[in-house]
Amino acid sequence: MSIKTLRRTCLTVSIVIAGIASLVLQRAALAQAQAQTILRAVMHSDLKIVDPVWTTAYISRNHGYMIYDTLFATDALGAVQPQMIDTYQLSEDKTVYTMTLRDGLLWHDGKPVTSEDCIASIKRWAARDVVGQAMMAHVKDFVAVDQKTFKINLKEPTAAVMLGLSRASGTAFMMPKRVADTSPQEQISDYIGSGPFVFKTNEWKPGSKVVYEKFAQYKPRAEPPSAMAGGKDVKVDRVEWLAIADQQTAVSALLAGEIDIIEQPSHDLLPMLKKNANIQFSDWSSLGNQYVFRFNSLNKPFDNARARQAIWYAFNQEDFLKAVIGDPDYYKVCKSMFFCGTPLGTTKGMENLLESNFKKARELVKESGYDGTPIVLLHSTDRHVYANLAPVAKSLLEKAGFKVDMQSMDWQSVVVRRAKKDPVAKGGWNLTITSTNNVLNPLESSYLNAACEKTTFGWPCDAQIEKLRDDFSRETDLTKQLALVEAVQLRAIEYPVYIPLGQWYQPMVARKNLSGLIKAPAPVFWNITKTGK
Amino acid sequence: MFRYISKRILATIPVMVMVVVLVFLMLRLSSADPAAIIAGDNAATEQIQGIRVKLGLDQPVLAQFATWLAKVSTGDLGESFFFKKQVSELILDRLEPTLSLALCTIILSVLIAVPLGVLAAYYTGTWIDRVVMGLAVLGFSIPVFVVGYLLMYVFSIELSWLPVQGYQRLSDGFWGWLQKLLLPCFALSAVYCALIARITRTSVQEVLGEDYVRTAHAKGLTNRIVLMRHALRNAAVPIVTVIGIGIALLIGGVVVTESVFSIPGLGRLTVDAVLARDFPTVQALVLLFSLTSVMVNLFIDLSYTLFDPRIRY
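Protein chains in written order, with the working numbering: chain B, 1 to 533; chain Z, 1 to 313.
Read the hints as simulated data drawn from the structure, not as lab findings.
Please note: incorrect hints may appear among the correct ones.
Stated by the list, open to error - Incomplete in silico selection of chain Z near chain B, CB under 10 Å:
# : residue
1 : SER6
2 : PRO34
3 : ALA36
4 : PRO97
5 : ILE263
6 : LEU275
7 : ARG277
Quick caveat, the model's predicted, so the values are computed rather than measured.
Note that beta-carbon positions come from the ideal geometry of N, C-alpha and C, so glycine has one too.
Given the sequences, and given the hints that come with them, work out the whole structure.
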């Protein structure tokens with residue numbers, strides 16, 4: 001055999017061996033993948049920040065629900081239910097909460113969850129969260145009684161403890177003490193939780209994939225799941241969040257069976273999905289979301305309450321909802337600062353408002369002394385749930401007598417711009433539109449916060465609203481809470497902090513081979529069963 | 001040759017410095033504020049300011065530039081604002097999908113377009129020429145994302161032959177890797193096929209009229225040998241040039257293609273970083289793309305010597 005022939009033979013044999021090895025490895029990988037039940041979901045955004053206490057971004061909160069657990073949670077009726085807590089008592093004078101953890105709670109590293117862990121977690125969360133801060137104003141101290149029991153001693157009775165510790169967003173997630181001791185100003189770097197899933201940091205590819213595995217040692221509560229409360233029984237081995245930025249591609253992947261869930265499909269793609277027999281629709285949240293039309297109270301003309309009141313009269317919700325959502329199945333006119341259909345949802349004081357009464361609106365604009373300077377309205381063009389809102393607002397504002405300079409930009413630019421306190425001439429703004437699902441009560445609604453410089457963008461400043469919110473945080477009786485909510489709403493009509501533009505719903509779509517999807521204010525992946533393809 | 005290469009490499013330094021300064025200033029002057037995005041939708045002003053301080057964005061622009069430049073000069077591209085990872089780590093992680101997509105596209109484009117271009121040139125004025133040129137016009141005219149969606153609909157949803165989206169690493173299996181790359185490569189190669197086919201046709205057409213081609217025919221050489229050995233080789237310089245330009249243009253193409261097919265490559269990373277105002281990542285990526293572009297042009301210039309012995313540096 002010549003050297004040339006030998007070389008050729010060796011090369012051929014090498015190629016054949018490499019090919020066989022590749023096939024064998026592929027089959028092994030395939031067999032392993034087939035043995036596992038994997039739930040693949042496309043979420044509304046890619047996960048970038050993995051500290052759900054440090055940021056208020058919803059995707060980070062959703063990540064939080066995967067790997068962390070909470071002391072309390074709200075059920076489908078909005079009632080607060082214990083979650084990691086086994087039993088709790090409130091002293092007769094309502095100033096001492098004694099809470100005992102459930103048996104068998106473990107961190108993902110196998111260590112037991114202790115009172116000290118929970119106290120440190122509450123403190124870190126409370127340093128960042130708006131309700132947490134309100135709660136801490138009433139807290140005297142925390143005492144760890146033993147490994148499983150701790151007390152929260154209050155200076156005075158408050159509803160903020162239960163409201164805060166059961167929040168669906170701005171959630172008080174429990175972390176090991178060594179993690180929770182991280183400064184609230186810093187992001188955590190250790191992702192050990194005690195929730196139903198384990199975060200696979202080694203498989204996390206930012207911009208591509210987030211991987212969670214079932215936490216085999218997690219002990220779900222015995223109660224059936226109900227919204228954020230009840231048993232978190234995981235019925236799949238693994239959940240993968242795939243970052244598919246393009247909605248059309250995500251829908252194609254769903255139709256082809258490559259993914260199982262799209263958390264927030266674009267409303268204009270829903271008719272196409274409805275025609276497909278393999279697709280089911282579900283609402284993550286029966287409460288929905290509320291559109292928020294926000295004023296910048298620092299800049300003229302909306303530093304004047306009269307100019308802001310004019311918008312209560314100029315607007316109507318239907319125009320906005322039709323323009324952006326379209327299908328009445330997915331929106332609801334709701335003349336309330338709080339979710340309609342919830343115990344605190346009230347239409348008190350809204351009788352003649354939001355009916356596009358331009359005559360009254362123009363009168364108020366005149367009374368405000370508006371000088372005709374164009375007002376800057378921020379228009380987000382790249383998010384389908386916002387894109388058509390600003391043009392409707394512009395049209396209605398112009399009918400009320402305002403001159404509007406609608407400035408179009410991508411959503412992230414809106415977020416950046418609205419954080420600026422500068423005057424309009426120096427790159428500031430007057431009006432912007434956003435959406436929230438934190439409007440169950442005045443305490444957690446960040447857009448009702450009127451604490452001047454300390455509040456979020458728009459910076460309304462009203463001592464009366466703040467006093468009413470503070471009163472609400474002290475009140476534990478539902479009837480009295482409702483009276484306070486009505487008072488807050490009446491004051492927010494007189495001193496407008498924002499205009500609610502109606503409620504809207506974001507359906508989730510999934511393959512029909514999934515069952516057990518839970519309706520909850522945040523997307524959750526426990527209780528879901530996947531069969532076949 | 002060595003002197004030429006050294007001169008060309010040295011000439012890239014001012015280009016890179018200009019790119020660095022421009023990108024840095026454009027990002028800082030765009031009034032973009034990553035802190036507001038990081039803080040989330042319901043963050044209070046104090047929280048945003050805290051993050052701004054933490055990221056060093058409260059410093060004067062010149063101070064920020066000096067800090068960044070000092071780091072880059074030591075090879076440290078900094079840490080991503082969002083991912084809390086070193087930018088170099090992020091880029092390395094995304095390199096394979098983009099290289100795979102780019103290489104596959106270039107190979108596919110050359111394999112399809114050069115023979116078509118030669119055929120069109122050889123059969124100038126016939127139906128073959130018209131069909132090839134018609135396809136080239138289509139390739140130029142239809143945007144990459146439209147081609148992508150069409151391919152996805154036909155081959156993934158209707159025929160279920162190929163996956164809709166995603167990327168599988170080569171180390172996880174060749175067939176899976178190829179399966180996931182085929183559609184994006186075909187989508188992206190449409191425009192390059194059009195470009196290369198047109199240039200090949202024009203170039204070969206010119207050469208076919210030369211005396212030495214006539215002489216080759218007169219010597220009794222077959223059409224295949226005349227085309228491949230005499231015509232195509234002499235027409236290669238403009239073709240190679242356009243392939244080189246294509247590689248530079250590919251950077252723009254992968255951004256769209258990776259978004260449409262959800263491929264976690266450098267294109268997607270660029271889009272994500274720009275939208276999130278992740279300054280360190282955007283700066284590093286622009287630097288990388290600029291460097292790639294300059295280097296590709298250098299290699300193309302050097303490759304001319306292979307096709308035309310008269311060219312000397």
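Hints, verified against the model:
no. : hint   : result
1   : SER6   : 38 Å, violated
2   : PRO34  : 8 Å, holds
3   : ALA36  : 4 Å, holds
4   : PRO97  : 9 Å, holds
5   : ILE263 : 9 Å, holds
6   : LEU275 : 5 Å, holds
7   : ARG277 : 6 Å, holds
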